[in-house]
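Trainee: What follows is each chain in one-letter form.
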Amino acid sequence: GAGVSQSPRYKVAKRGQDVALRCDPISGHVSLFWYQQALGQGPEFLTYFQNEAQLDKSGLPSDRFFAERPEGSVSTLKIQRTQQEDSAVYLCASTSLSSGYEQYFGPGTRLTVT
Amino acid sequence: AQKVTQAQTEISVVEKEDVTLDCVYETRDTTYYLFWYKQPPSGELVFLIRRNSFDEQNEISGRYSWNFQKSTSSFNFTITASQVVDSAVYFCALSEALNYGQNFVFGPGTRLSVLP
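Residue numbers (this note's numbering), protein chains in the order written: chain A, 1389 to 1502; chain B, 231 to 346.
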């Protein structure tokens, strides 16, 4: 079936604007992760959902970051009052219980804050 | 706390050379999982392998092989007879099983360039 999809692929926001990034996980995958990948670095964990429950949000860098997955499938990562340091690629990954710990990643959304 | 170190920031080799990418990890758990991912220029992370902490057997998949040594906390990745298509950034990652789904920690990555 289809892989993890993310939209938009690219987003340019002016400092102070709010943005919403969407992730469509693989159908049936119960677990969903968000990561932030700064240029030249490895992905850093932001938050994790199991179905609609957000079980870990310890990686969210500030209270300007908010994620939701209200129906246990599509997830949205929202960043309020964007700052330049928010510029990064935001990756979404999903996994199913049967796939063990293997995470399937989407192509990412490249956010540039000007 | 978990940590993954990939000491090699960039490596360049000529096609057909063998190359080894190093990964050293830190964890206090006895049960954990190690991973390698490839990130080509397109940006999408591609899963290569998962290894659990109780299985120290080395694994070979085509031109790829992995050497897991608990004694040195290392999980190195070797590409034999490298090809230009192997050019990418490679990430090693660690997940502690007790926190399933959480604390999936990536190393900083090694950029591999295979020259024709």
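Honestly, I wouldn't trust all of these hints.
Calculated pairs, DSS-like style, for lysine-lysine (alpha carbon to alpha carbon, straight line, at most 30 angstroms) [as the list claims (entries may be wrong)]: (1) 246(B) x 1445(A); (2) 1402(A) x 1466(A); (3) 300(B) x 1399(A).
Computed far set for chain B versus chain A, every beta-carbon distance over 10 angstroms [to be verified]: (4) 231; (5) 241; (6) 246; (7) 280; (8) 288; (9) 298.
Since the hints were derived computationally from the structure, they do not count as laboratory data. Computed from a predicted model, the values in this text were never measured in an experiment. A virtual CB, placed ideally from N, CA and C, is assigned to each residue, including glycine.
Trainee: If a hint holds in the structure, say so; if it does not, say that too.
Mentor: Do the hints match the structure? See the list:
1. 246(B) x 1445(A): Roughly 44 angstroms between the alpha carbons, so the hint for residue 246(B) and residue 1445(A) is violated.
2. 1402(A) x 1466(A): holds (15 angstroms)
3. 300(B) x 1399(A): Not OK: residue 300(B) and residue 1399(A) at ~42 angstroms, beyond 30 angstroms, violated.
4. 231: holds (12 angstroms)
5. 241: holds (15 angstroms)
6. 246: Since the minimum Cβ distance to chain A is about 28 angstroms, residue 246(B) lies beyond 10 angstroms and the statement holds.
7. 280: The assertion about residue 280(B) is violated, with a minimum of 6 angstroms to chain A.
8. 288: holds (19 angstroms)
9. 298: holds (15 angstroms)
Consistency with the previously given hints fails for numbers 1, 3 and 7, ordered from lowest to highest.
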